[in-house]
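**Q** The chain contents come next:
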Amino acid sequence: MLAQAVNFGILFFVFLKFAYRPILGMLETRREKIREGILMREEAEKKLKEADSEKGAIIKKAESESLGLIARAESLGKKKEAEILTEAVKKSEEVIRDGKRRVEEEKRIAAESFSKEAAELVRLAVAKVVERSPEKIDGELVDKALRELETV
Amino acid sequence: MIEISIAAEKIFSVFGFPITNTLLMGWLVVAALIFMSVIFLRRPALIPAGVQNVFEVAVEGVLGLMEGPFGSKQKAEKYFPFIATIFIFILISNWFGIFPFLGSAGIYEESHAYPGEEVFVPFFRSSASDLNFTLALAIISVFATQLIGISAIGLSKHIGKYFSFRGPIQFFVGILEIVSEIAKMISFSFRLFGNIFAGEVLLIIIGFLVPVFVPLPFLMLEMFVGFIQALVFAMLTLVFMSIAVVEHH
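So the sequence lines, in the order shown, correspond to chains H and A.
Numbered according to the numbering used here, the first sequence terminates at residue 152, and the numbering increases by one at each position without gaps.
Numbered according to the numbering used here, the second sequence terminates at residue 249, and the numbering increases by one at each position without gaps.
The set of hints was computed from the structure by calculation and includes no laboratory data.
Treat the hints with care, since some could be wrong.
The following residues of chain H were derived to be distant from chain A, with all beta-carbon distances above 10 Å [what the hints assert, rightly or not]:
no.	residue
1	A5
2	E36
3	F114
4	V142
Computed footprint of chain H on chain A; a stretch qualifies when at least three of its residues, placed anywhere within it, have a C-beta under 8 Å from a C-beta of chain H [unchecked claim]:
no.	stretch
5	54 to 67
6	70 to 81
7	105 to 112
8	137 to 150
9	181 to 189
10	211 to 225
Glycine included, every Cβ here is placed at the ideal spot set by N, Cα and C.
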């Protein structure tokens with residue numbers, strides 16, 4: 001009977017050291033970890049909600065700011081457009097004016113050249129008619145003829 | 001020839017101290033349990049696996065069972081090692097006792113009842129089929145209950161449960177309490193011994209009459225009986241302890 005009681009005692013103390021204490025300790029650690037995990041999850045959920053509401057506010061602010069920016073950009077664009085148009089009109093008018101002036105100049109040069117050539121032609125024609133050397137034909141007479149020709 | 005002996009058979013003796021086959025079985029069970037606990041449960045992992053899973057399920061189950069009578073988890077965890085050791089020791093002793101190969105190893109000796117005849121004496125016999133084992137556990141259980149009661153509510157209050165001079169009825173109830181403590185030891189030890197010894201006898205007789213197949217259902221029945229008896233012993237100890245740790249009003 002004593003030997004069996006000793007057996008029980010040995011088993012009790014060995015179990016206490018190698019089985020019950022480690023297992024119960026580990027179960028307590030696990031319970032603690034689970035409790036911590038749940039608390040952390042609740043904290044994280046709270047923070048997530050806060051972050052969500054903050055995100056919403058930031059997005060709202062950004063939206064209103066972006067709308068303002070777009071409106072400002074639109075008005076600036078319109079102003080720029082008007083300026084560019086005015087500038088373009090001014091430039092086109094200048095180009096037209098310049099073109100007209102050049103055309104006039106060309107016309108004048110062409111008329112002058114034509115007149116010179118016509119005078120030479122008339123002198124040659126008159127020389128042919130009167131059979132005289134063209135150098136001896138009176139220039140004044142030619143000019144007169146030319147003037148008459150212009151009036152025609 | 002088979003001889004059924006109520007007392008455990010002596011196998012050998014050391015310095016005059018008899019070593020019986022039930023004591024050998026007790027040592028075997030203790031060695032096996034120590035080996036298992038050291039190998040599998042020394043460093044339990046936070047994420048359990050294998051044997052640890054099984055043990056944890058058992059621990060949680062027993063703790064849940066103990067929480068009811070004790071009323072709190074802290075108390076249940078405090079007294080858990082004692083109750084669990086009683087349960088495991090009795091359960092494994094009972095189950096080892098019905099392992100066929102353990103019972104078949106033994107020697108032939110001359111019978112004490114029938115001189116001249118040889119009888120088979122197994123080296124290992126279920127510990128609980130020896131009254132020494134069950135009585136030892138019963139005494140340990142009852143004395144541990146007393147010690148736990150004293151440490152929980154104090155010596156004077158605990159003694160007051162047995163020796164009350166507030167009136168003749170209370171005094172008589174106190175004496176009945178003392179008698180019931182002695183009766184607890186007797187009922188604890190004889191209940192377990194009777195059940196396991198009867199199971200052993202039943203298995204021996206069935207095995208002798210029809211050795212093949214027929215003993216199987218009886219083996220299963222004995223496994224169940226072994227479990228139930230371990231549970232009854234542990235549960236009764238638990239209930240007595242839960243009563244001992246609260247004051248009388």
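**Q** Now, for every hint given, state plainly whether the structure supports it.
**A** Going through the hints against the structure:
1. A5: Given a closest Cβ separation of 4 Å, the condition is violated.
2. E36: Answer for E36 (chain H): holds, closest chain A Cβ roughly 13 Å.
3. F114: Answer for F114 (chain H): holds, closest chain A Cβ roughly 112 Å.
4. V142: 126 Å, holds
5. 54 to 67: It holds: at least three residues are needed, and the stretch 54 to 67 of chain A offers 4 whose Cβ sits within less than 8 Å of chain H.
6. 70 to 81: holds (count 3)
7. 105 to 112: It is violated: at least three residues are needed, and the stretch 105 to 112 of chain A offers just 0 whose Cβ sits closer than 8 Å to chain H.
8. 137 to 150: holds (count 3)
9. 181 to 189: violated (count 0)
10. 211 to 225: Coverage by chain H is violated here, the residue count being 0 at a Cβ distance below 8 Å.
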